[in-house]
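Given chain A, put chains B and C in place with the hints provided.
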Amino acid sequence: MQHLARIAIAACTLIWMPFLYADPASDRTALRDFYAKRFPDIPLSAHKDGAYALNAGAREQWLELEDFPPYEIEVDEGAELFTTAFADGTDFSACFRDARVRQDFPRFDAEQATVVTLEMAVNACLHDHGEAPWDYGSAEMNALTAYIAFKSRGQIVDLPTPQTAAEMDAYNAGKRFYQSRRGQLNFACSNCHVQIVGNQLRAETLSASIGHVTHWPTYRFKWQELGGLHLRFQECNSQVGAEPFQLQSEVYRNLEYFLTFMSNGMQWNGPTTRK
Amino acid sequence: MERTYNKKMNTTGKKVATTIAIAFVLFAAGGAQSGAPSTTEQDAAAALHEARSAYQTSDQLGFAWRPAKLALAAAEAALVVGDYAQVLEHAAQARRLADASIAQAEREASAWQGRAPFDTNHQPRALK
Amino acid sequence: MAAQIKIRGKIKDGVAEVKSLMPHPMETGTRRNAEGNIVPAHYIQTVTCFKNDEQVIQAHWGPAVSKNPFFAFKVNNAASGDTIRIDWVDNTGETSSGELVLK
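Chains A, B and C, in that order, are what the protein sequence lines are. Note that this note's numbering has the first sequence beginning at 1, numbered continuously upward. Note that this note's numbering has the second sequence beginning at 1, numbered continuously upward. Note that this note's numbering has the third sequence beginning at 1, numbered continuously upward.
These are computed hints drawn from the structure, not numbers from a lab. Be careful, since some hints might not be right.
Distance windows between CB atoms, simulated [as the list claims (entries may be wrong)]:
(1) SER110(B) to GLY36(C): 42 to 52 Å
(2) GLN55(C) to PRO40(A): 38 to 48 Å
(3) ARG59(A) to SER97(C): 46 to 56 Å
(4) TRP223(A) to THR120(B): 35 to 45 Å
(5) LYS103(C) to THR84(A): 27 to 37 Å
(6) GLY29(C) to ARG59(A): 32 to 42 Å
(7) LEU70(B) to ASP67(A): 40 to 50 Å
(8) GLY29(C) to GLU235(A): 23 to 33 Å
To give an idea of the interface, some chain A residues facing chain C are shown, with a C-beta separation under 7 Å as derived from the structure [said to hold, decoys possible]:
(9) LEU44
(10) PHE68
(11) PRO70
(12) GLN224
C-beta atoms are modelled at their ideal positions from N, C-alpha and C, and glycine is treated no differently.
Next comes chain A alone, as it looks inside the complex:
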């Protein structure tokens, strides 16, 4: 009974929250201003390279790796998947044109009243053409999204400003997740990526949140293969002792929506390699 009362109290505080929210545009300005002040010698656009914008030695090694990167194999596999015929004779070009579509995702779909990510759109395409959906963490999903990311390099993150009540709900849910402490270690995303950004956590340099969404899927040497943005969310959550959410869960899609808006104006530069 005590637990129910606690849930009720937590829920009630949520009801009044919308009236206290700032608007997304000023949030984005506040975040960009913070990074500009924190890293006066680094242009904001450079943060698409994450920690490699902050650490010259690591950047040198990374650039050498990117000269002949390990994900090339998976991008080739993705290219093949893109043109493999579905049951009805069409292929992914029916949904994604020439694959240069990274800029179109995530977006808020008013009809489904939810954030639609690239991975969701891939499965929707499969479904619409008589094919079984792919697991979100599967090799096929990573290969195809890597191919789409590769073809879309140079596009600019351009998420329409959240305006409707439903869009604002998704945006605020994402923002709230970003700002809330969680896990046994009681860390919020902003603790590492705002408050102590640029410092090291164990052997890793903490990167700025703008540019976080631009380079996925990423080949992590730790994983020895490609992985998506939500996999990285899961890892981060686990690392602070929080039970992670499912890949492509609403929680993570809202977070992706929020972070993408924060990265508006940055370049899409996936796939890439990371430690």
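This is chains B and C only, laid out in the frame that chain A set:
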């Protein structure tokens, strides 16, 4: 004048001591009732139920902790093999962690607002 | 024949700088799959590199090398028109090869 101390208990003292001894025996006898299920198994199941309930609450709030989940799993595994002492230990740990995560959820319900770098015009929440 | 080796290279002051990427699972033979069974060892054992007909490198690898190995090396006295060839043989007897004509 020197006071002499009685080394032996007087009659009243003996009556009190006897009453206490009888009462103790009655309490002990009452606690050691036999018949299924034993008190420890009941306690174990009850503790596990409470821990599971607390964890589920934290999960519903979106603030489940991995160590709480692991402790709960350890408690459930111990129940399966009938190690009730272990069940109590793991369930207690799971309960502590789940309660802490629920407290975190309650705090964060309002604390997330007004944190840098956004909304810094909000008044900081007064510390208790 | 298994997946093609990807090769890139350029000549710099008579030295060919060659980079290669070899698709291969490089299974150690100690991993278990979801059912709990050992995934059999499957790794490249010998890598041989040629400049035209001259063997320039012979490498002996084992399960410690990671999946899809990246292998880079330099060859002296390289000239435009030389062919760099890389062959590998793995522990199951599978082979693959890749060639690059230096510009």
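*Going back to the hint list, which numbers does this structure go against?*
The structure breaks hints 2, 3 and 9; every other hint is satisfied.
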